[in-house]
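2 protein chains.
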Amino acid sequence: MNPERFSINQMTVRQLSLPDLVSHCVRLGIRGVGLWREPVREYGLEAAARLVREAGLEVTSLCRGGFFTSDDRLASHRAAVDEAAALGTDTLVLVSGGLTPAYPDLPAARARIAEAIGELAPYAGERGVRLAVEPLHPMYAADRCAVSTLDQALDIAERFPAEQVGVVVDTYHLWWDDRAPAAVERAAASGRVHSFQLADWTTPLPAGVLNGRGQLGDGVIDLRAWADLLERVGHTGPVEVELFNDGLWARDGAEVLEETLERFLAV
Amino acid sequence: MNPERFSINQMTVRQLSLPDLVSHCVRLGIRGVGLWREPVREYGLEAAARLVREAGLEVTSLCRGGFFTSDDRLASHRAAVDEAAALGTDTLVLVSGGLTPAYPDLPAARARIAEAIGELAPYAGERGVRLAVEPLHPMYAADRCAVSTLDQALDIAERFPAEQVGVVVDTYHLWWDDRAPAAVERAAASGRVHSFQLADWTTPLPAGVLNGRGQLGDGVIDLRAWADLLERVGHTGPVEVELFNDGLWARDGAEVLEETLERFLAV
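Those protein sequences? They're chains S and P, same order as listed.
Counting in my numbering, the first sequence runs from 3 upward without gaps.
Counting in my numbering, the second sequence runs from 3 upward without gaps.
Extracted from the complex, chain S is given alone in its bound form (with noise of 0.2 Å):
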């Protein structure tokens, strides 16, 4: 793929301090990078979007909003966006929660969830901040998102306008959905493709299956296939690599994301 296009997701190499991962970036020629908020905050806020402007790279997401069903308070959701805002990106990724005592049956989540999205939308619409609703796999349905497919996914962003609320497309969640194609299309026919992410699936998973997201090429994901499709709907944006992996993240950095670039090029 066209090295223009490549963002690394900070999570992927979060063994790197931000401002090592901002500088392999720029030794690199990467231009665009996917932040988290924990890491952000730590570095302090403004600090981090100094860093990343004065480096010349673009902010391609920020990592995440959500969780609606454990947090009720409005006032944390908008934090979230005031913190998109300040880094200068255009896209908060949403992970929206999944079963809990307050919505214990997936019906409940989801009605809960898109009522959350509602309230936050035109806030974030006003400061240029587009919600990212992304389906997870939906082996974490119960317990990270109740939003397991890209057609629920759109299902929810469809009730507000496209400059308000979209979808992630990340291949590690929808891969095997044969309605997946579908439902890319659907989704960039309204302009609502506001976030395209790579990573590969490997197994045997590791338990709790949250950090066994596959370096490119060393899973079973027809990738090419994937960047075909979206290319074809006419997405031409930044495509994120985000990988959550013991192995990758027990490695030096800098030659994780070197690797992670390889990759890329190679897809």
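Coverage of chain S stretches by chain P, computed from C-beta distances (three or more under 8 Å per stretch; other residues unrestricted): (1) 99 to 113; (2) 140 to 153; (3) 174 to 182; (4) 203 to 209.
Hints listed in this document are in silico derivations from the structure and should not be mistaken for laboratory results.
By construction, the Cβ of each residue, glycine as well, lies at the ideal position given by its N, Cα and C atoms.
Please build the complex by placing chain P on the supplied structure of chain S, with the hints as guidance.
Quick look at chain P alone, frame taken from chain S:
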């Protein structure tokens, strides 16, 4: 639920020998049992058939045929049908297989699965055995079963007469899918709900995600809603409880069997 509909899948209490399983079933008034090929073969097919028949048990299913993407020998798939017929069950559960070097992506794997079922179906029909295509949770799409949704299973099954090919409805695999209830109605409309299995969803998932199926009531699935749905569409047959669970396997088998029956009655 009605105790007369309860069937214990052998895997739930795999620590019990077949004679012990049968005698505990008789003692507890359990009328149905789902068997697995490996322990049956170990005990002897004819001896196992005689044992369950003389105890008055109904064999509600045999697990499992399939893995069509790694085994292209029709004879070995026919052997599974023969074993089902010998045990007197009308239902052979199929776990269809994941990605392999010969079928390295989902479209290829799914095409192979449909083709293999087409080869096997008439043979099964002649022997009074219904093939039951089991959609497995999408987290198994790569390594166990490329058929991930009930609609996908029905897309295959509906190419054949219902007395030859139907589907398995297993709450563990389908609970997350908002389209599953409509698919259950679709399956029932053509008489293809060949097996209904219960297991609960608990987190965190164990490494490998195979042996973490929750005891009924321990997880988040609204099992009552599923039972109601199946009753509403006219499924009045046996309901199998099939749990793969390291914790349950470490306990006394008879105790687990009694607990499982109690939990079933409480649904």
